[in-house]
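Trainee: Now for the letters of each chain:
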Amino acid sequence: MKKILMIAISALLLAASVCTASAMTLNAAGATFPYPLYSKWFYSYAKQTGTKINYAAIGSGAGIQQIEARTVDFGCSDAPLSGADQKKNNLFMFPTVGGAVAMTYNLPGVRTGLKLLPSTIADIYLGKVKKWNDPEITRLNPGINFPNMPVIVVHRSDGSGTTNIFTWFLSDVSPLWRQRVGAGTSVNWPVGLGGKGNQGVAGTIQKTRGAFGYVELAYVLQSGMTYAAVKNSSGNWVYPSLANAREAASHAKIPANFYIKFTNAPGKNSYPIAGFTFMLVPKNLAPAKAAAVKSYVRWAYTNGDRDALSLDYVPLPAKLKTRILNELNRQVR
Amino acid sequence: MAEKLSRKKILSPEKIFMGMTGLFSLSVLLISVVVVYELFSASGPTFHKFGLKFLITKEWDPVQKVYGALPFIWGTFYTSLLALLIALPVSLGIAIFLSELAPAWLRSSVGFLIELLAAIPSLIFGLWGLFVLSPILQQYVEPPLSNLSWLPFFTGYPLGLGFLNAGLLLAVMIIPTISSISRDVMYTVPSNQREGGLALGMTRWEVVSKVVIPNSRSGILGAVVLGLGRALGETMAVTMVIGNTPQFSLSLLDPGYTISSVIANQFTEAFDKLQISALVELGLILFVISVIINAFAKLLMLRMNRFSRGARI
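Protein sequences appear in the order of chains R and W.
When we follow this note's numbering, the leftmost residue of the first sequence carries the number 1, and every step to the right adds one.
When we follow this note's numbering, the leftmost residue of the second sequence carries the number 1001, and every step to the right adds one.
Treat the hints as calculated values from the structure; they're not laboratory data.
Computed from a predicted model, the values in this text were never measured in an experiment.
Each residue gets a CB set at the ideal place from its N, CA and C atoms; glycine is no exception.
Some hints could be false.
Derived Cβ-Cβ restraints for the label pairs, each shown as a range [as the list claims (entries may be wrong)]:
{"#": "1", "chain 1": "W", "residue 1": "Leu1148", "chain 2": "R", "residue 2": "Lys87", "range": "55 to 61 Å"}
{"#": "2", "chain 1": "R", "residue 1": "Ile254", "chain 2": "W", "residue 2": "Ala1119", "range": "53 to 59 Å"}
{"#": "3", "chain 1": "R", "residue 1": "Val191", "chain 2": "W", "residue 2": "Val1132", "range": "24 to 30 Å"}
{"#": "4", "chain 1": "W", "residue 1": "Met1301", "chain 2": "R", "residue 2": "Pro147", "range": "51 to 57 Å"}
{"#": "5", "chain 1": "W", "residue 1": "Leu1250", "chain 2": "R", "residue 2": "Arg139", "range": "36 to 42 Å"}
{"#": "6", "chain 1": "R", "residue 1": "Ser234", "chain 2": "W", "residue 2": "Pro1121", "range": "48 to 54 Å"}
{"#": "7", "chain 1": "R", "residue 1": "Asn54", "chain 2": "W", "residue 2": "Pro1121", "range": "26 to 32 Å"}
{"#": "8", "chain 1": "W", "residue 1": "Leu1148", "chain 2": "R", "residue 2": "Pro175", "range": "38 to 44 Å"}
{"#": "9", "chain 1": "R", "residue 1": "Gln179", "chain 2": "W", "residue 2": "Val1132", "range": "39 to 45 Å"}
Okay, the calculated bits of chain R under chain W, using three or more residues with CB under 8 Å as the criterion [what the hints assert, rightly or not]:
{"#": "10", "region": "51-60"}
{"#": "11", "region": "150-157"}
{"#": "12", "region": "176-187"}
{"#": "13", "region": "192-201"}
{"#": "14", "region": "206-212"}
Isolated chain W, as found in the complex:
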């Protein structure tokens, strides 16, 4: 009897459960470590040949075996930044409308549609960008923009494909992420705070800008980081509309290239060992960029929380 009891204790379901879940969590850590190790070791040849110059070299020439990451890093940042600039105001507007202004019946149906947008595969967005958006941009939107060519953002010939198309497409793709999370965060703002504001004679606008948004700031930031993460790593849709030209250009009308696009484009048919290694190193760079952005957002959130708690007391 005693023996049975003690055995039961060692293999108690509680312990097994704990051990299993712990193992699963550990596996995430293990996978990340293996991924980083693999990326490091496979990018060895380019690292030895080009060193840190890889980061600032503009050429990508598989025939001459010269590889540089700059146009791809630039393209990745530029398209994501554009997408964020377009998507953030729109998403905040959607979130505020849904949580503060819309009647209940509209809330659920619009919310449902936005979540549906998030479920569309990126390939479909890419096809839409190539076949629908690009002719519209080339014929109706970019010609008037190119009249502003005294600005560095609008030089070049209207192609329909390029940074503008990619930025718009990415914005459409990250709007559901940012808006639905922001809306959920705004829902959690206690209604007595809103009522307090109204009782003090605030207008709707003042309640939104002085009560709801300050209270949900860190959640909105989290939503932005998630959206940015999707924009940085998006591959298929961007590949179809960015024009795949490795160049460093400020103009929205020019074609560009992103890190994930060049990997998707060239990995399968890469013959040269150095080219494969360069593509892997680009993958490592993308990984590092996402780690930095996530860490930065975490820090910002921590500071914000401390600040707002202090302000409340």
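Just chain R, with the same shape it has in the complex:
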């Protein structure tokens, strides 16, 4: 009797799982940086269209592995995959949304508005500028009385897209950084403390006098931390803001494989430390799923900007969106 019951129950469960699989559901995995926005997008999209998207925010590296193994329908990564790797794994990659990185600090008596040259930021992270009253810093900030205190450099200890954008920027502005350290989601930092996640870095900076570090713009705006103005490649002092990051994105050079990088971008008010996060779709995805992915991307590009801005993300320029949608239609069938 019990046995029969067991068989009946397992048969039912099996049937149920087959049923849910046949309804339109997309599975995705990857980057954590866009997750707050994606979950909002997925929720609204499911409500409007009935297509459900399950997203596991397990990190960009893991997302790339999952999509290479085809265990998910699309993957997401903060750092772009090189053209060669895209080709090797038959993937189509494109940006979805962007973010900016703010330079923030904890100096008693010093408010938002410290002016820093890109080369000074690089020198601090290389360990060449060690004290807050170093002439490299004081020269540009005549009104501020700097303490004779070491600069406690803070960086991300976990691999992250934020670090990738920041080290791209440092490699752009400092040949020595490019040669000695380079860029990536985690690098061999010459100096400094590591904090886990944006909240780890933000917490360390808020609690450590003399600390200096880089954090995603949203964290700085929402937690009221002090942040620096940076000189951009047009010679203007710019604050990290959505408007300034959008201007930088509009000047991005777009290669055919969408490996887009716009740190230290030209433009009058462009903020120099910003970048996109990316989505990876197999070119040979099953037709029904491919159609679902395409209509989701179209929906997100058309309806997603308001949500993005309210969560401090940088939407893509309209021209770029059109170009991506055309390519997506052509390359993923």
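Starting from the known structure of chain R, fit chain W onto it as the hints suggest.
Mentor: Structure of chain W alone, referenced to chain R:
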């Protein structure tokens, strides 16, 4: 009838029970074997590339693809050792007080509080270490310590985060483990032995040091090993306060890095296959370290038991 009986014998509840429990115990062995095999096979690429040099290389550079385990092994050992140095005297004091000196009503309430401490998730300890302990250390504790910079243990600038913070935090986390087990072991010392000691004119202190502690030595050692195990493998709390800087330093004020922290930090966003393999090999090293420590403790306990039995006769 006979057939029914014999069938009953084969499928007797006793036999089923034995088979099931045996299977469960076997599964533990199987899981360990699978874990070791997986760690070995996944760390193949780094093992081929760096060999044993992996253990003594100081660099960890994902951009240049050079990986070494030394700073992480050092950080793991150093923080655990510090934690043990701080936690052992405190825990023994707690255990002695609770089992020998405290009045009955205090015993149960203090004991309850200590067990409560063990139930706090490590993330909470980590947040406390980052937001409460680190500013206190940076502003009030480490500046006077850094005046002793002629000692290698106190060089460097007070950061608030680093080996000292991690060691203190780990000590707080392992005190409940060591003290509550030691207390339970001390309870089991027969009271006629204590009375014997008192009858011979021993003081309270002499009873504790000559009767209670020698009798519960192997249990205390077991408690220390359990505490050490927790300290070696602790991830979240340490990651938040150690500063995550791979370097080999004796100074308590310097930041460091532990094996479990680097795995937690870098595994999710590791792009490069070699980096993933290096992280897995670090996991294997941590596994081997815990096996060695446990085996060593087992041996020590065996020797101690033999010794104390001999002494008693």
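Trainee: Work down the list of hints and note, for each, if the structure agrees.
Mentor: Results of checking the hints against the structure:
no.	hint	result
1	W/Leu1148 to R/Lys87: 55 to 61 Å	holds (59 Å)
2	R/Ile254 to W/Ala1119: 53 to 59 Å	holds (54 Å)
3	R/Val191 to W/Val1132: 24 to 30 Å	holds (26 Å)
4	W/Met1301 to R/Pro147: 51 to 57 Å	holds (55 Å)
5	W/Leu1250 to R/Arg139: 36 to 42 Å	holds (37 Å)
6	R/Ser234 to W/Pro1121: 48 to 54 Å	holds (49 Å)
7	R/Asn54 to W/Pro1121: 26 to 32 Å	holds (27 Å)
8	W/Leu1148 to R/Pro175: 38 to 44 Å	holds (41 Å)
9	R/Gln179 to W/Val1132: 39 to 45 Å	holds (41 Å)
10	51-60	holds (count 3)
11	150-157	holds (count 3)
12	176-187	holds (count 7)
13	192-201	holds (count 6)
14	206-212	holds (count 3)
In this structure, none of the earlier numbered hints is contradicted; all agree with it.
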